[in-house]
Amino acid sequence: MPLNKSQLKEIEGLLHEERERALRIVNRAVEDTSGEQDRAGDLSSMPLHLADRGTDTMQDELDASNATRVTRQLVEIDAALERLIQTPEKFGVCEATGADISYERLKIIPWARTAEQGD
Numbered sequence: 001m002p003l004n005k006s007q008l009k010e011i012e013g014l015l016h017e018e019r020e021r022a023l024r025i026v027n028r029a030v031e032d033t034s035g036e037q038d039r040a041g042d043l044s045s046m047p048l049h050l051a052d053r054g055t056d057t058m059q060d061e062l063d064a065s066n067a068t069r070v071t072r073q074l075v076e077i078d079a080a081l082e083r084l085i086q087t088p089e090k091f092g093v094c095e096a097t098g099a100d101i102s103y104e105r106l107k108i109i110p111w112a113r114t115a116e117q118g119d
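Residue numbers (my numbering): 1 to 119.
No lab work stands behind these hints, which were simulated from the structure alone.
Pair ranges (Cβ atoms, derived):
hint : residue 1 : residue 2 : range
1    : P2        : Q59       : 40 to 50 Å
2    : V30       : T87       : 32 to 42 Å
3    : T57       : E89       : 42 to 52 Å
4    : E116      : P88       : 20 to 30 Å
Here a beta-carbon is modelled for each residue, glycine too, at the ideal position from N, C-alpha and C.
Take the sequences, apply the hints, and build the full model.
Structural data, given as structure tokens:
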């Protein structure tokens, strides 16, 4: 069954909330990498011990991976908002099968493109 107007409105609100959350995460990641040395007051960013250097490298890679994941999610959220605004009657229809995406699924993943997990 297609989504009604109140459901579409709720999903739109969820998309905007998720977009704001994703933007905060991405902005925080950018701020952390740009101001880390300045905040510490260190003259050098070189750790004193090799183990610290490995930990820092691992953390930097994890942060970059998370920022990449959230950036991809942000692209999906923006695409979902565009679909919702331009063709609200088609929003919530599985791109793979043409079946309706359940309202419950959209409340969890409002940018979902398919009725199946794995998008």
